[in-house]
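Required output: the full structure, derived from the provided sequences and hints.
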Amino acid sequence: MNASELVERDVIERVLASALSRGGEFAEVFVEDRRTSSASLDQRRVEELSSGRDRGAGVRVVVGETTGFAHTADLSEQGLLAAAHAAATVARSGSGRTVTIALGDHVGYASNAQQPLGSVDKARKIEVLLRADDIARSTGGEITQVMVGLGESSRRILVANSDGVFRSDHQVRTRFNVQCVALGDTGMQTGYRPVAATRGFEILTDDAIAEAATGAAQQAITKLAARPAPSGDLPVVLAGGSGGILFHEACGHGLEADAILKEASVYAGKAGQKVASDLVTLVDDGTVEGEWGYLAMDDEGRAAGRNVLIENGVLTDYMWDFLSARRQGRSSSGNGRRQSYQHLPMVRMTNTYLLEGPDTPEDIIAQTPRGVYVAQLGGGQVNTATGDFVFGMTEAYLIEGGVITTPLRECNLIGNGPEVLQRVDAVASDFSMTPGTCGKDGQQVPVGTGQATMRLSSVTIGGTAA
Amino acid sequence: MSELLAIAESIVERAVGNEHLEVYVSSGIDTEVQAYQGEVEKLTTATSAGIGIRVLVDSPHGARVGTAWAGSLDGEAIDEALREARDNVAFATEDEFIGFATPDGVPAAALTLVDEGVTTTSLDDKIALAIDLEKMVRGADTRIRQVDSANYSDYVAQAAIASTLGIRATYERSGAYVSVEAIATDSSGDQTGWGLSAGRAPHELNIDKAAADAVRRATRMLGAIKPASMRGVAVFDPRTTATLLAIIGGALSGSAVVRGRSFFADRIGEHVAVDDFSLLDDPTDPRHFSASIFDGEGLACRRNVLIDHGRLQGFVYDTESARRAGTSSTGSAARGGIAGSPSASCRALQLAPGARNQAEILAEVGDGVFVESLTGVHSGVNPISGDFSVGITGLMIRDGQLAEPIREVTVASTLQRMLLDVTHVGNDVEWLPGVAAGQTLAVGDIALSGS
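So the protein lines, in turn, are chains A and B.
For the first sequence, the residue numbers in the numbering used here are 7 to 472.
For the second sequence, the residue numbers in the numbering used here are -4 to 446.
Some hints here could point you the wrong way.
[Stated by the list, open to error] Per the computed footprint, the stretches of chain A lying under chain B, defined by three or more beta-carbons under 8 Å from a beta-carbon of chain B, are:
no.: 1; stretch: 59 to 70
no.: 2; stretch: 127 to 138
no.: 3; stretch: 280 to 291
no.: 4; stretch: 352 to 359
no.: 5; stretch: 364 to 372
no.: 6; stretch: 420 to 428
Derived by calculation from the structure, the hints in this document are not laboratory data.
From a predicted model like this one, the values you see are computed outputs, not experimental measurements.
Note that the Cβ used here is the ideal one computed from N, Cα and C, for glycine as well.
Structure representation (structure tokens):
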């Protein structure tokens, strides 16, 4: 089924017209039909295969600075009209005016997935789970538990609005992860590796599976020898790929226009100013095909863009969705995203990454007399108003005398965005990206983060050792 | 509500051959209002419904389960879900412990968890709550420079569960919330604070308290500094204690324990905490906003003692984890909505109140750090290894009094150590949304990482 066939054009036109009949200035219908499939292997047991289907529409009506929103799982004209009516309650002044909406030509994007959800035999998926388990266990006798998960989604979306936009997309994503538990004298430690892309099952090549399984197992085993992380300020070297989350938290959220317009970000009013070290050129780019945060168009029908946020340390622009851009009389940057038809779109990141620098990873480590080397970061969190953020290190080592030495137990690092951006003092050229899930106001969306090996001259390590 | 049960039963009746069916049907009505600068910024009204189906087929050495879900109750969606769930069965591993709940005779608590006020209160009145809340915060203190968001939300949710093993359960719950985030400013820069109030209906909400909390928390953080690293007592306020209890509750889940993924595994009967620490999970206590009559498998919720005077007494189980552990379900199955299969989870945790209020605890502690908010809980706490490291904001405690505000600092220990290092449990129980009530809790020997 083509996404544009989710609801007929003339039905959408009538629903949009009805949504504006009480006086709204802008109306939008977002239709989604999402199928998901998940499989999990735990201790060599296939615990369950689960299939899901979610289908419905969200209608929003904008009047001045007010947005009315309603959603429904009923895609009949009657169901959509009821949602339009509910969304239009915010337009109180209007009284039964007649509006005509004529949608423009339909623009449809397609997925490039070779093996989208539904095309691969379920037995083949089980084979992949078991293979990962085998590989992880063969990595070392310390591995006592292996969990493998596979999630696939196929999301068809349709966006139509009173400006005539009429666009659809088909987004296929596949996520695979291996988690291991190793047991040693000091207790249990865990290892984790994800593989995820905006592609189909074809991403799970033998090499990708082996790398994830070995990586997760090796990480858990290595951490058995971990000693408590230091407490206090030290230089921190972030391995390529792992540190993108730093920028996601330290400034990404603070560069989202909704926070800027409410002056709830430390970066409000700083466009054109130096906010980071010269080494920092940060880009949010929804166009990197296949990456976890890739989009052909965002959830407002705007083509994804490559947006330079910080260039050589100078803040160049923020990220914008339809509403925040409308308030400023400019165009959206293609960053309007939503978790599902049940959610309003917001300004969200896509793939956020730091451009490469002149150094090599080896030199950066060698030139760090004492510090922490972070091989993998977990999640993070930021208060955009103060700029204070944390992020977890799930695999880290001490650097002593310019050499990576002892593994460290897990802990959070804490810093202040504007301060930490100034402390980027080395960036290498071994760029890579990591998939993640970003939460904001209760909505989860897939994002990518990326960077090459880099160093921060000082960050507070939240460990327990003196 | 009986309508949902009728749908569930009609699907259960479609079971064929040796298969068993378990059907979970839910529906909800939600309202959300966000106010900004005296106007409605966002208004959402929505109804939703969905279904989760599990199919179980007995096999020579156990059984296999397949699942599917749909975000709608139309016939086509239900047919597809049933078909998919059946198709998924064959790919599961045969498991002697897997099984659906069977009625266990435990009577359901007589709880009224719906307040009609949610549906009888007009939309205008709900909008007024959010707008008044914002106005109240803006007007409370000249240092409040912005209210990032002032929100009102409510819901009425209903669910029914039926199975071929005789499970028949229906329940409904309502809730109403306000929350607000304030940004305060002075020459030292911006600080934030948030306040909330929860109830089962709008009339139970205390917007004055929510506003005052947000203002007090934001303004008293002004001028916050990054303190020097130290080791000492951390006093957690009720909200942050509730977060700690939820983490500990996660490690008390039978589903984690039977898989060896909890630092509590194999420690029943041991002293895992100080004598003053008694932890209870009691969804039948209606003071919990998360109180419930039935669990996610349709068994009656019940009171479960988990830690009694420091001794690890038991875990919470759903049917599958209980069978694996050789015991019975404690009525603690939880499902993450229609898409989630049941797993054991604490739902309504409460720490037995101690003898002192917060001021008395601060006086006895003398010097330490008062923790008012936690960040990075999902990235800095490992419930398997027990490693604990989180970012905090709060205030120093000096001479038994709250002193200067602090930020950009972490507190760290291990969960195992913290339970044994508890020095005071407060008597100031605060009922909060989420799986745990909160109260003041003092924990000794915490590492504070600052400058």
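Structure-based check of all given hints:
1. 59 to 70: holds (count 5)
2. 127 to 138: n = 4 at 8 Å, threshold three: holds.
3. 280 to 291: violated (count 0)
4. 352 to 359: Violated: only 0 residues of the stretch 352 to 359 of chain A have a Cβ under 8 Å from chain B.
5. 364 to 372: violated (count 0)
6. 420 to 428: Check passed, 3 qualifying residues.
Comparing the model with each numbered hint stated earlier shows that hints 3, 4 and 5 do not hold.
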